[in-house]
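Go by the hints and put chain F onto chain P.
Order-wise, the sequence lines are chains P and F. Counting in our numbering, the first sequence runs from 1 upward without gaps. Counting in our numbering, the second sequence runs from 1001 upward without gaps.
No lab work stands behind these hints: they were computed from the structure. Think of the CB as a built atom: it goes at the ideal place given N, C-alpha and C, for glycine as much as any other residue. Don't take each hint at face value.
Said to hold, decoys possible - Some chain F residues well away from chain P (every beta-carbon gap over 10 Å; in silico):
#1 1122
#2 1157
#3 1315
#4 1441
As the list claims (entries may be wrong) - Part of the chain P face toward chain F, derived, beta carbon under 10 Å:
#5 22
#6 65
#7 84
#8 85
#9 93
#10 121
#11 183
#12 199
#13 223
#14 246
#15 248
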Amino acid sequence: MIRVMLLLVAVLNTAPAAIAEDAVIAYSPPSGLLIVARGDAARIDVFNLQSKAPLWSADGPASPRDIAIDTADPRAAVLDPLRNEVALVSLGRRSVRIVRVAETPIAARFAGGSLFVLSRDGRRLQKIDEDGSITVSVGTSPDPAFLEVSGNRLYVYSRASGSVVEYEIPTLRQLRTATADRFASAFVVDDRTGYLVYPRSGRMQTISLAGMNSDEPMSVAAVPTDLAPAMPGGVLTPGTLVIADPASKRLWHIERAESAVSAFSRGFLRGFLGLGIARAPGRESPPGIDRVWPVGSSEIAYDSASRTLYRISRDGAVVLAADAGPRSFAVAAGRLVLWKNGQVLFVGL
Amino acid sequence: MKRVAIAILVVFAASLPVRSDGRIASDFEIASMQSQLSRSRNPMARVAALLNLGDLRHTRGEGALSRESYGRAIEILDAQRAEGRRRQDLAKYAVATAWRGLAEAKLGRESAAFDAFEEALRYVSDSPGIWNLYASAMTVAGRPEKAVASARNAVMIANADAGATPLDRHVYEYTLASALLAMERDRVGEQEAETLLSGIIESLAGRTFETLRRRIVRNEEFEILSSTEQDASAYLALFNRSRLRLARLYEQSGRPAAAREQYRAVLAARSDDAQALGAMARLTREAADRERYFEESLDANPFSRDLIREYEAYIAGEHPRSASGSGPGAAVRNALHAQRAGRFREASESLQPLLARFPENDVVRFLLARNAVALGDMKEADRLETRIRSRALRGELAAIRSSLVTESIDILERGSDRDPSDQQVRALFLALQRGSLSAAQVAVLDSLVISAVVVFAEGRFSGEETTSFDRGMLHSVPFRFPAPAAFRGRFEGSRVRLEFRILGATEIEGAAGLLLEPLRITPS
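In isolation and in its complexed conformation, chain P is listed as follows:
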């Protein structure tokens, strides 16, 4: 391992060559509007799904990296983890308010009418009201990397400690803590369970939200890097998760964890399939796919190394866009919306 030691003066103080900042896009279902945060111009543009030109624009963050969407109200939050800013976008009032938050905001969720922002390097979870004031701010374990919401609870997974901490909405009162393995690469929750995947061991671990206890990790892939809830459960199916595994060049579909009662009834119906999580044969994917978003019966998948966007289905993989930014696309009303060369493009799915 090469070790690095800084010089006393190690900043190369020369004019950097310009590197284009990727735009970040998100779709707000309550408003039917598309939010485009452009770091190169430090602007936020709002489009509808018919317009080629923005409906309105405002100053935005210089290094946007993610957008949180309120699924109940027409608003969004653009995160700038480099400059520690969150832009509160009111789509109804056509306004943007920039709020300074704790160091490195890397995740945000709207819940119960408020915005909650997780700042990794500041080790803070903060509640931001609509007027931009931070009304609650609580500390977290080291390296808090993921923020999820289920019901009226928030869950923060800290990579360095392996803790999953449950917080009450909106007070951010810490309720319970589950201990999981450390250094997961992704964390999602559904209404009953939290799921963590570990690239080093190739395993997945589940956390029961009811009891806040963790199960033994189980092998799911060679190097799982991302996971997302896919098909919802039915009478005969417990619902599935899809896992990106760039090492195996596969997307794995696995059954979600389930309650004992529903698992028992399903096991009874399905006979020897029994309880527990089963792994379905994976879908062959192009090499390097490491991010995945289920859309209907197929998936949108992304290769961070080659910046290529795919649609993966039973029929195989189709390239949707080359040289796409990691957050420069969104699914809106059954179409893929892509920001490319300074304009909005629509791609049928």
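What follows is chain F alone, placed relative to chain P:
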């Protein structure tokens, strides 16, 4: 996924004698890294060599070469990333991505650096080495709060990892201390950094590293590098950097004796450490020692802007004898003495051979450009400035020019000297050309009537009574009038005293010049 570890072979050149005449201290490290670069087939060893070369070039003002080295490192790292993906070796991909982040930070592209580390951490958030790289990059990028958080993660993970060696742990602690010290005026952080650095130094001097120390002595190793692979080179760099950091901290907190002790320890291990020598010059009480330390520090690195600045303050305050010796350090000292005494041509003559030997050196270009400004040779200053890559040096040069303009306008406004010098005219001309005058300065200039000797292009006589002129030279700056102006009288020859107002910059037969409003002429 396999553990993150890169086994690379770093082969150091045979130890070199410490500084021969005319050589700069970092010449040894540069030669060693160039050798490593040419001989090694291991991509990561080549990356380490290129990053070290970039850092070394940077410390001696060679911005373009520094950027080139970092750029070449990124090319290799991109190939490594692609290969990692192709072979499903995602640890390799992540490590190469993180190193790319460091190279991006060194190039001043903090956004790209941030993205690279975020990508790497998706695969190897359990690696203290990657967090350490992240911390180093964020310190370089001027984001010390992020650097502190990342460094704390590195230290915490390493402390929980039985496999981490004491040397690795100290490297992470050193990075944490560096990040803490990069925070502005944070007393608690400074105390923590001091504790960390003291602990590292104590440990490095202790029994744990006795075998390693013996090996270093036996092999006569002395090179100080930023990116190291072997324990010996890591030990040497850590020993050097920790003491320098601690010494600087002591110095800044008013403990000169403690600082001197640390600097002396650095010099005992490496007698030509430019930073330590410069610091000793600052801290020493005896004038003779101060002169000697300054000489040695500038011999070790003649192109450190900080050292040059300190030496200039020293010349201005203590009026030492003229510089002695030979080599680049002596040439720079000679030039600084000559500049201080107003002998600008002599200063340029001292510096020109350095530019021939170090054609990519920003600091030499800066010193020459500053000299050209003093000589009023703005064209030469412009020519040199366009090739300076360092933003800081360009900014400094702009400030010098700006102060010259301000000074020129002040002199003209006071009216004590209505006949401007060539240097003042050129400064005003360039400021007008660039549009860099403030509104207040423009207003003052608009109201000023200036008197100066000008040389007209040949005039046209209309009978015995009038002479018409439309253009000429004001010192070395061409000028023209908005329209030919007829003056009563016959002016033999074309050298006259002209009273005029400056209207702005204009174009004269394809070249830039001043647009003047003529008011009156008299024979000069």
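Hints versus structure:
no.: 1; hint: 1122; verdict: 5 Å, violated
no.: 2; hint: 1157; verdict: 7 Å, violated
no.: 3; hint: 1315; verdict: 22 Å, holds
no.: 4; hint: 1441; verdict: 27 Å, holds
no.: 5; hint: 22; verdict: 8 Å, holds
no.: 6; hint: 65; verdict: 8 Å, holds
no.: 7; hint: 84; verdict: 8 Å, holds
no.: 8; hint: 85; verdict: 13 Å, violated
no.: 9; hint: 93; verdict: 30 Å, violated
no.: 10; hint: 121; verdict: 3 Å, holds
no.: 11; hint: 183; verdict: 4 Å, holds
no.: 12; hint: 199; verdict: 5 Å, holds
no.: 13; hint: 223; verdict: 5 Å, holds
no.: 14; hint: 246; verdict: 6 Å, holds
no.: 15; hint: 248; verdict: 8 Å, holds
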